[in-house]
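J.: Chains A and B are the protein sequences, given in the same order. Just so you know, the working numbering puts 84 at position 70 of the first sequence, and the rest follows in order with no gaps. Just so you know, the working numbering puts 294 at position 195 of the second sequence, and the rest follows in order with no gaps.
Check before you lean on any hint, since a few could be wrong.
Computed cross-link-like contacts, SDA-like style, restricted to lysine to any residue with a CA-CA straight-line distance of at most 20 Å [claimed, not checked]:
{"id": "1", "chain 1": "A", "residue 1": "LYS209", "chain 2": "B", "residue 2": "LYS171"}
{"id": "2", "chain 1": "A", "residue 1": "LYS123", "chain 2": "A", "residue 2": "ARG49"}
{"id": "3", "chain 1": "B", "residue 1": "LYS171", "chain 2": "A", "residue 2": "ALA48"}
{"id": "4", "chain 1": "A", "residue 1": "LYS209", "chain 2": "B", "residue 2": "PRO103"}
{"id": "5", "chain 1": "B", "residue 1": "LYS171", "chain 2": "A", "residue 2": "LYS215"}
{"id": "6", "chain 1": "B", "residue 1": "LYS171", "chain 2": "A", "residue 2": "PRO195"}
{"id": "7", "chain 1": "A", "residue 1": "LYS123", "chain 2": "B", "residue 2": "LYS171"}
{"id": "8", "chain 1": "A", "residue 1": "LYS215", "chain 2": "B", "residue 2": "ARG105"}
{"id": "9", "chain 1": "A", "residue 1": "LYS81", "chain 2": "A", "residue 2": "ARG46"}
The set of hints was computed from the structure by calculation and includes no laboratory data. All values derive from a computational prediction rather than experimental measurement.
Here is how the chains run, residue by residue.
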Amino acid sequence: MRESDTPMAEASKANHRDGQADAWDGSWLLGRIARHDSDALAELYRMWGDRLYSMALHWVGDEGAAKEALQDCFLRVWRRAGDFEAEKSRGFTWCAMILRGLCLDHLRKKRRRAPVWQDWERMPALEVPSRSGVEDLFFRDTVSRVHSALAKLDDTEAASVRAALFDPGTLQDHASRWGVPLGTAKIRVHRAMQKLRELLKKGGVDEPT
Amino acid sequence: MNRPDRDREDAIARALDILPPGDPAASDPRLVRDAALAAEAQSTREAAADVWLAVSPLRAAPPEVLHSIMDKLGTPAAAERVRKPKLAPLLAASGWAAAAAVAILLWPRHEGERAVPIAGIPGPPPTKFTSRENPAGAASGAPEIAARDEKLRREYSKLQQTVDLLRRGDLLTAPRVMSLVAPGASKRSQEETRQRVMNVLTTALRSSLEVESGAPGDPASIVIERGWLPEGIDLTSEGAVLRHRNFPEDSWQELGLLRSDEGSYYDPTRHLLWTADGPGGSFLGRRADEETTDLSGFKPAAQLAAVDNNKVTRQPRTEPEGFVIEDPTTKKAEVVIDQVPPPAKGHEHKIVWTDDSGATGTIPVQSAASASISTGNGNSAVYFSNGGWGTLANPYGFNGIGNGQLYLNSDAFNPGFVNTTVMASFLTTSNVTSFQLIEIPIVVPGQATTASPRPRVIVQGGN
């Protein structure tokens, strides 16, 4: 079973701000969805559908596939909302991981039919796009923190993060492409993600040196 | 390389689903059971979700997908209840925009960057959205923004939770609500009070700003389905025409609009001219060039009332009225009192309450001019302004200090100021049984006062 499919009991409390998820985070809707309230699922679609669809489209680069992933994601949320534990994870992250799993499945299936590294050329860039002055108000802080954090990664770290988050390949694929052993690829990704997490935690601002 | 390091690397790789097939870490139960490793994995997922969110160009979710989902669940009606055709994704699905519209509609405006949440109602969004165009600036201000945004989100969450509790009639955990009325005014029943608060909160959450693209052939390129424009978002900056399908004619005074005899409206803040377009309450909004457009026929509510009282169909409330909303779990009481008259010269306002243990608490009320931002425990920063939307140059803030101390005195008032909204929050040890907002003379040590020593009750509730 893939990690993102497992119950949120596997998740931890460490990253949560106050040990309790905000209703803003969708926990209140996920609770209702767990009781099979279809209105709540529709509300959740209204609240996060845009963001999740955008992410799916960015990953798979195909409208039809993105729509299918979005639909399957919400159907899975419907079935598994009872597994969600608000005190252990943000609701958005929980949904995003489900969507990511579905998109990875799609990309990996497609990849089996295509030259191995074709995806690399088409892989999304690791940069916050311009939104022509219009902001995502709901997640404004997140976008700002990510923007600042990404700017603090060096080229190797950025390449590692990009591969880990957007390339449908596995670490073995990355290791081959980088010409390093698997263990080294794991270390690279670990260090890059660790730095990214720390930067995000600090609001994207590096410690003064 | 030692084992713990390797475990952390495996935990991260597993969290991101990038372990190669057959890697033993994929089924290693320690990665799940070990709290530190599980935390590492979860932290990685949260970071990944943030990055995915931020780097994905925003697109509106297709409405047909929702219909398809609901069809598969056998509940197509749920999709119909969520109206969202071709929404402009950044605004339409923005809880913040919704919250801002709510704040603007329910409560008077205040300055965006000084905004603080109010008793469960979030403030409007910040008006400066340039952080990503100026990464250096964004970096330096990021922690402050994060702290403020987090606080606003929590306030918004509380509002949503309150509505949810009330909607479900969950009386075990639902907040207790005490109605506050002026002396002599008829008291509301418990049910009336509960219903009124629920209506206010529910309306607030429903008053989201919904924006969509204009249909082909429509002169409007942007259509507002409902709600009102938050501060800081200018939809007509490039000459766009707006259509508002449910123009809030009932609230034009509160929104600070000017009205003409022909029934058009002018928004002096955004320089927008709104004219009726077809039946059904639809209005078109265009940017008005103040040099070439004759705006002399547009008048504020007060002037129109003087010309013809009949033309003002909605009488503003003039009697002070409010609620104490007490959370029995946190023992925190939040107070909202609208239409509070300014204190008479030489007087000040005080909040006095009693709880069922017999203990009495007093909170003097003060303006932001002489208060500082609260960081005290359990006391919300609060806010007030006058009811004259858009007509007062200097809105006042209200801030809690220490144990919920709020001050309001006549020296702080603008001469044009009439009535205001008082908001407060305080911690109690048990249920609040009585509550009053009173006006008393300011006592200056060593100085005799000529004012009446008897307190005047502005509003009261409870026993």
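J.: Provide an ascending list of the numbers of those earlier hints which the structure does not satisfy.
T.: 1, 2, 5, 6, 7, 8, 9
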